[in-house]
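Using the sequences plus the hints, can you model the full thing?
One-letter residues, chain by chain:
Number of protein chains: 2
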Amino acid sequence: MKIAVDDLKKFCKEILERNSVPIEEAEVIADSLVDANTIGVDSHGVTRLSLYLQRLKEATINSNTKMEILRETETTALYDANNGWGQYAGKIAMQEAVKKAKKYGTATIGVTNSNHFGTASYFTKMAAKENCIGIAMCNTTPIMVSWGSNEPTLGTNPLSIAIPTNRHPVVLDMATSNVARGKINLAAKDGEEIPTGWAITKEGKDTTDPHEALKGYLLPLGPKGSGLAMMIDIMSGVMTGALFGKDIPRMYDDKEPQRLGHLFMAIDPECFIEIETFKSRMDERIEQTVKSTPADGYEQVYMPGDIEEMNREKHEREGLTLSTALYEELRALGTKYDVSI
Amino acid sequence: MKIAVDDLKKFCKEILERNSVPIEEAEVIADSLVDANTIGVDSHGVTRLSLYLQRLKEATINSNTKMEILRETETTALYDANNGWGQYAGKIAMQEAVKKAKKYGTATIGVTNSNHFGTASYFTKMAAKENCIGIAMCNTTPIMVSWGSNEPTLGTNPLSIAIPTNRHPVVLDMATSNVARGKINLAAKDGEEIPTGWAITKEGKDTTDPHEALKGYLLPLGPKGSGLAMMIDIMSGVMTGALFGKDIPRMYDDKEPQRLGHLFMAIDPECFIEIETFKSRMDERIEQTVKSTPADGYEQVYMPGDIEEMNREKHEREGLTLSTALYEELRALGTKYDVSI
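Chains L and E, in that order, are what the protein sequence lines are. Taking the working numbering, the leading residue of the first sequence gets 1, the next gets one more, and so forth. Taking the working numbering, the leading residue of the second sequence gets 1, the next gets one more, and so forth.
Note that these hints are calculated values from the structure, not bench results. Each hint should be verified, as a subset may be incorrect.
[Unchecked claim] A few chain E residues facing chain L, derived, Cβ under 8 Å: (1) 50; (2) 54; (3) 73; (4) 106; (5) 130; (6) 143; (7) 146; (8) 153; (9) 224; (10) 273; (11) 293; (12) 302; (13) 337.
[Said to hold, decoys possible] No farther apart than 30 Å at their CA atoms in a straight line, the calculated lysine-lysine pairs in the DSSO-like style are these: (14) 103/L x 66/L; (15) 103/L x 103/E; (16) 246/L x 291/E.
[What the hints assert, rightly or not] Which bits of chain L does chain E cover? Going by a derived footprint, with three or more residues having C-beta under 8 Å, they are: (17) 152-164; (18) 170-179; (19) 265-275.
Each residue gets a CB set at the ideal place from its N, CA and C atoms; glycine is no exception.
Okay, here's the thing in structure tokens:
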């Protein structure tokens with residue numbers, strides 16, 4: 001099924017509105033979900049909509065996000081999202097980070113008592129659009145082990161950094177696991193083995209069986225990924241007063257608020273160098289990379305975020321392709337809430 | 001050869017002083033070098049001393065570091081290190097980051113026109129000692145390829161983050177390459193093969209021959225390590241006006257200033273949560289990890305920085321062990337500059 005990007009956004013927004021989500025929040029959530037599909041990150045896209053509605057129904061998430069400032073200085077703030085929407089909380093927080101960075105140079109904003117915020121790059125791209133460097137991170141459900149451990153005390157805690165340029169921003173958005181759980185799901189569906197190093201069984205043994213892996217835990221991107229996940233848990237969870245580590249409930253199984261934490265940072269490059277000079281130096285940095293000789297098996301060397309941007313251009317031109325299963329799921333939601341897709 | 005930590009520091013400091021390095025700078029450089037040995041990171045330890053002296057002799061580095069502020073706001077500053085010592089420049093910059101963070105909440109300090117700054121954790125630990133979260137990064141000699149490229153346009157650009165706790169700080173200090181070049185050196189010395197994925201030949205081919213690898217380029221820690229290295233190059237190099245990417249001269253081979261860039265950030269957790277609460281939550285975070293069941297082949301799960309701290313305790317108690325080759329090298333320097341070891 002093909003659907004235009006804007007049509008899918010409108011559909012998601014209306015479904016959320018019918019579920020008591022305020023219009024300006026529904027707009028951000030729909031925009032973030034469909035943005036994920038548009039850049040090719042389907043795992044964070046509209047496939048999450050029914051889960052969000054389920055959590056609304058269980059009352060494990062609030063339909064509106066009362067953002068409350070708990071602490072504030074010139075360059076920092078801590079928001080309580082009151083168990084509202086991570087996407088909306090993140091947008092407010094990153095806007096504030098950019099505002100403070102534009103005034104004072106740099107800013108760090110924490111959010112506590114929040115929920116799944118979608119893709120981290122959704123927020124860092126907002127900062128880059130304002131000519132700031134944006135950094136975003138979040139702690140998440142503990143489905144990953146620390147390096148050398150058999151027990152899951154870490155999420156796949158993502159980190160995103162985006163850089164303004166003369167073209168689309170340079171965007172890093174990485175989980176700290178070796179591979180995304182979605183890849184293991186795919187192997188399970190396709191009846192294929194997975195390499196060791198992706199996951200362990202519930203008993204802590206190496207496995208090549210995707211089904212055992214899905215019952216078990218993800219492995220981090222080596223000791224470095226493990227360390228990075230820990231630092232993200234500390235900065236977005238321990239420091240903001242949110243839940244952290246193994247205490248975070250699972251979004252799919254546990255019927256209680258996740259109380260996640262996020263951290264957003266913005267740096268105004270103008271405090272270091274004229275923005276035009278920065279961007280022309282970025283042109284050079286990009287050229288060094290994309291004009292370098294590709295390795296065997298590669299046709300072109302890309303900057304972080306280039307492939308996602310190519311996906312966006314394609315999908316905005318040609319529309320998004322939904323699997324039959326996803327389309328049927330959305331259509332059923334549409335029937336239930338009287339919204340046509 | 002065994003030598004007490006303080007004796008080795010004193011030796012390095014005196015050698016540097018005899019080479020026209022001002023006393024307060026010699027102290028920082030000696031402290032940073034020996035700190036690296038003390039925590040077990042010998043690659044960044046006193047083995048670098050003769051290289052530093054060689055660069056002094058070639059006049060590719062200045063013996064004293066005239067730190068000049070080029071730009072400044074409440075929460076940012078850009079220093080020109082005037083081709084002086086990275087360790088000293090880093091110390092000044094991180095002190096300033098902490099000072100500004102204590103006043104305004106968070107700070108970001110850049111350094112341009114600098115040199116090798118030793119271990120990045122040397123600076124982040126300084127911040128943690130002051131109850132701040134410290135972040136440090138640096139761009140370095142391009143000996144690594146971007147993901148999917150055959151040409152080296154990236155350094156192994158390190159990132160360190162340190163967190164204050166009730167015990168020693170939690171410290172991440174990671175290069176963005178898959179493995180350190182030192183591991184390949186070791187394999188070459190021991191006549192052993194290396195796994196593919198560590199490095200490629202100068203022609204861009206996979207190799208298990210450490211000698212070919214040493215003539216070639218390091219591979220990044222997957223696409224994520226590549227992306228992170230790029231972001232570090234941008235934030236510490238492109239943004240500070242330093243050299244970046246493939247334009248950075250090699251420290252060992254090229255007879256010209258490296259003009260590296262560093263970036264230091266400090267966050268005062270007190271702006272988010274009482275420091276005592278933060279630290280007792282850190283106790284919990286640490287306990288979750290170190291009390292978790294170890295994986296097969298591991299006796300204990302550690303927090304980032306624990307092993308380095310165990311090394312420090314051991315070396316401060318028992319002294320450092322220098323290889324015969326390194327001891328002879330240092331003794332020869334001692335004879336040359338009339339400093340006894």
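> Out of the numbered hints, which ones does the structure contradict?
Replying inline: Hint check: 1, 2, 5, 6 and 13 fail, others pass.
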